[in-house]
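Undergrad: Each chain, letter by letter, is given below.
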Amino acid sequence: MTIWRTLWRDLKLFVDDAALAASKDLRIEWRARTTLAQMLPFAALVLVLFGFAFDANRPTLELATPGLLAMTMLFVAVVAVQRSIAVESFDGARRMLVLSGMAPAAVFAGKAAAVAVQLLIIMGLLTVGVVVLYDAAVESILLVVATGVAAALGLATAGSLLGAVVAGAKTQQAVLSVLLLPVSAPVLVAASRAFGDGFGTVAVNGWSWVGLLLAFAAVNAALGAAVYGALLEDA
Amino acid sequence: MKVVRLKGAVVLVGRFPALAGVDFSVESGEVVLVRGANGAGKSTLLHLCAGLLRLSNGQGDVLGCDLASARGAVRRRVGLLGHDTALYGELTATENLRLWAQASRVGTTDITGALDRLELPTSRRDIAVDRLSAGQRRRVALAAIVLRRPELWLLDEPHAGLDSSGRKIVDNIITSAASAGAGVLLASHELRLSDDLAHRSVTLTGGRIVGDSANSTNEPTQ
Chain A
1 MTIWRTLWRD
11 LKLFVDDAAL
21 AASKDLRIEW
31 RARTTLAQML
41 PFAALVLVLF
51 GFAFDANRPT
61 LELATPGLLA
71 MTMLFVAVVA
81 VQRSIAVESF
91 DGARRMLVLS
101 GMAPAAVFAG
111 KAAAVAVQLL
121 IIMGLLTVGV
131 VVLYDAAVES
141 ILLVVATGVA
151 AALGLATAGS
161 LLGAVVAGAK
171 TQQAVLSVLL
181 LPVSAPVLVA
191 ASRAFGDGFG
201 TVAVNGWSWV
211 GLLLAFAAVN
221 AALGAAVYGA
231 LLEDA
Chain B
1 MKVVRLKGAV
11 VLVGRFPALA
21 GVDFSVESGE
31 VVLVRGANGA
41 GKSTLLHLCA
51 GLLRLSNGQG
61 DVLGCDLASA
71 RGAVRRRVGL
81 LGHDTALYGE
91 LTATENLRLW
101 AQASRVGTTD
111 ITGALDRLEL
121 PTSRRDIAVD
131 RLSAGQRRRV
141 ALAAIVLRRP
151 ELWLLDEPHA
161 GLDSSGRKIV
171 DNIITSAASA
181 GAGVLLASHE
191 LRLSDDLAHR
201 SVTLTGGRIV
211 GDSANSTNEP
221 TQ
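Protein chains in written order, with this note's numbering: chain A, 1 to 235; chain B, 1 to 222.
Treat the hints with care, as some may be off.
Listed next, the in silico DMTMM-like pairs over lysine to aspartate or glutamate satisfying Cα-Cα at most 25 Å (straight line) [what the hints assert, rightly or not]:
no., chain 1, residue 1, chain 2, residue 2
1, B, K2, B, D171
2, A, K12, B, D110
3, B, K7, B, D171
4, B, K7, A, E233
5, B, K7, B, D23
6, B, K7, B, E151
7, A, K170, B, D130
8, A, K170, B, D84
9, B, K2, B, D212
10, B, K168, B, E157
11, B, K168, B, D196
12, B, K7, B, D61
No lab work stands behind these hints: they were computed from the structure.
This structure is a prediction, so every number in the text was calculated from the model and none was measured.
Please take these sequences and the hints and turn them into a complete structure.
TA: Here it is in structure tokens:
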């Protein structure tokens, strides 16, 4: 009984700390709107330019939609993670996280959750964009949503982990892109396949690719939870 | 009771020994002034006592917690004011203090009291910290420490950037913290201001303590 009570208390403290870290990052983003202000025009431009690139050929655009969504999410993730690092750099703010006594694993979870929420907002708007502009038909809305959530979690956990690795580097923005883009290749492949099944453009089992995305997120979450404290101290 | 105890403490920054074998202690209720030229190791000593740096050699404990194995426990019980403020620029003073309070698991009911104590004007409390003056940001950072009620105060140039009223407030805070039984470690170049507060002064040169003298005009209350 005591063990369960201790576990429950620890879990509650973890969730409280993670919620605090996530709400802090989201409040800062809501106030500054740095990521959204950069990414919404970028996402809109990608949709329009792809339309021009394929001569507004609807069958081709429909085929390209899954890869386009996954690729755009990947680029948005780089910017969102860069911003997540930057908010801790103002006047030594990162020291607050270290000195406060918050569990480093919970801080990692909270920061990754905040990045994932921003990715999901962009993904939702992009999906509406491809349906309206490319006339893409959604065959399974549940699969598209699940793919978006799983891909956002994978990119957010990998990005937050690598973000902590490069946080102390002078050229962190360049290094983050160089590291995150190849590391996220499995997300790009799996999300493209799963989105493809969701939009009905490829005949694969999309749910098994969603499983791969979740496994990728779980591995990065476990790694991040294990090493984030040491990375935070060294940054 | 000793709140800081260091024996042969060595801290390497890269390969450079920022502290090169320091023997040092602070009693509860004692205010210790750390003197020294730039690069003497004052900030390193404070960061070591805050649990932010690893001991490369030697032994040390802060508030009874071993600096080799329990730095996390140390951090929760100390208050560090560094050269920077450790505040989030996009959040207001009130939001920053609420974040500190919730993260440190102290009550949020004293936020207004802490800002009142630092005499931050009410009109400046709900605008983003990055729009405050440097002195006002410094007051907010001090309010965050006041809110946490640490058992060991580590203050690196606490008078820097403050006007005369702010300096008096800092002096009052240091005096009342020591009276309440907390240890205070104060690194400062403003010796005229800090000498009156300190019960003892230590002088660092090249990462070593080369002088340690009690202030006969100012005895600890405990």
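Undergrad: Output the numbers, in ascending order, of every earlier hint that fails for this structure.
TA: Failing hint: just 3.
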